[in-house]
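Please construct the entire structure, taking both the sequences and the accompanying hints into account.
Protein chains: 2
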Amino acid sequence: MTKKPLILVTNDDGITAPGIRALIDVMKDLGDVLVVAPDSPQSATGHAITINNTLYLNKVSKPNAAVTEYSCSGTPVDSVKFAVVEILKRKPDLLVSGINHGSNSSINVIYSGTMSAAVEGGIEGIPSVGFSLLDYDWNADFEQVKPFVKKIALEVLQKGVPDGTVLNVNFPKLKQKDIKGIRICRQAKAIWQEKFDKRSTPQGKDYYWLTGEFVNLEHGEDTDEWALQNGYVSVVPVQFDMTAHHAIPQLNTWNL
Amino acid sequence: MTKKPLILVTNDDGITAPGIRALIDVMKDLGDVLVVAPDSPQSATGHAITINNTLYLNKVSKPNAAVTEYSCSGTPVDSVKFAVVEILKRKPDLLVSGINHGSNSSINVIYSGTMSAAVEGGIEGIPSVGFSLLDYDWNADFEQVKPFVKKIALEVLQKGVPDGTVLNVNFPKLKQKDIKGIRICRQAKAIWQEKFDKRSTPQGKDYYWLTGEFVNLEHGEDTDEWALQNGYVSVVPVQFDMTAHHAIPQLNTWNL
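For the protein sequence lines, the chains are X and P, in the order given.
Counting from 3, one number per residue, gives the positions in the first sequence under this note's numbering.
Counting from 3, one number per residue, gives the positions in the second sequence under this note's numbering.
Derived from the structure by calculation, the hints contain no laboratory data.
Please note that a few of the clues may not be correct.
One copy or any two copies: either way a pair holds, since identical chains are not told apart in the list.
What the hints assert, rightly or not - Here are the computed lysine-lysine pairs in the DSS-like style, where the Cα-Cα straight-line distance is at most 27 Å:
hint: 1; residue 1: K91; residue 2: K197
hint: 2; residue 1: K148; residue 2: K6
hint: 3; residue 1: K197; residue 2: K161
hint: 4; residue 1: K182; residue 2: K6
hint: 5; residue 1: K64; residue 2: K200
hint: 6; residue 1: K177; residue 2: K207
hint: 7; residue 1: K91; residue 2: K200
hint: 8; residue 1: K200; residue 2: K61
hint: 9; residue 1: K191; residue 2: K91
hint: 10; residue 1: K175; residue 2: K93
Just so it is clear, the structure is predicted and the values come from calculations on it, not from any experiment.
Here it is, written out as structure tokens:
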């Protein structure tokens, strides 16, 4: 690639999150960077878009800043749409989302705003990657994973991603020297066992907090959960054709 | 099945929407019905869950009503979690979501709150179906599709759904007599070509409305778009293992 690549950066923790700052740091060495990210945390927003509300877009970087940045009042997916439709003059060569504060491995991919932004990029034909670190701490140590972010981004800039997919990359919470490498994985079967924490308002009205415990239901060495528990970076190719093609013949035997 | 089936009903247009009323009408002849649905419209919320805000749950049916109904301040997925974790004593035999006011065929499945509620049911091991009618009108004629809803629900109560899938059912906007039948389909490849409609507040600040045009990128007779355009009800089995298994060998050749 002779021309400097154009890289779109977004996330779901909001534009001020340390995770997106780490991602911008890596990307600005690889190409021209545009940041469009939510103006407030949007964790667990899934593939939500804003159609019943107005949207605001604000340029937050200074006029001569090395990286142009916009904040958006909507969701991660809204941010990607704003970048592609309203701001950029050509399709980016790469979309990166994250680095998320917390895991998006296994079933979390379904709830994740970080990954939905990447999926939106994929739908729009942009090679896209979501990055997440297994550390929910606002001050998580993103320095440790920067070399892996760079390696994966360079590979995608060179090769693209397989047709109809985006990459879901998760990092274990380890020092760089203790990370054993990168593994291509499948999504482990897992669930959240939820609890609702019931409380009362000062006025005596019941309300709830959604909480839960993550339960991994399988332990195959080809799963993302296994990789992460064993010190590897997990890379899962995620598709947005949600058809269960293998189930079609079975359903065709139904009496409908 | 000798025992009366237990049926959970939800949607994303909110508990007062005519679409969910039609669905309840059909289901109350098939089993014991619990309704838990958002207290306000939640279209296009995707698989969002509420973790940074409090949640309210209100019983809205009268004490001796035939059907017990709760409204929830959260998303469709929150509603399913409330029903399963907080209200029901046993796992339902069927979850139905809808009937959505508007299409959830092809790529819309990704954005849809209706389908995310069904997917959440699937993740929790409940045979689950999302129903949508290709008519955005609040006063759409749901009577026309009730016989098809009943037929599909009875089949799922008898047979379950294929492992790891939920069903995405879409109805064409036609009179019952003009609907040609039910077809098992795959998700058509399609995109939304978005536009942002830029306006100014009375105070002179720019804001946007997200709008767009649906573009079907393929016309195979095995797709949901083809079925709907040709007068059939489309049924797509949707999976929540989002791994692109076919892409794993290709990624394993990468230099990571």
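Legend entry - Hints that the structure is at odds with (numbers, increasing): Hint check: 3, 4, 6 and 10 fail, others pass.
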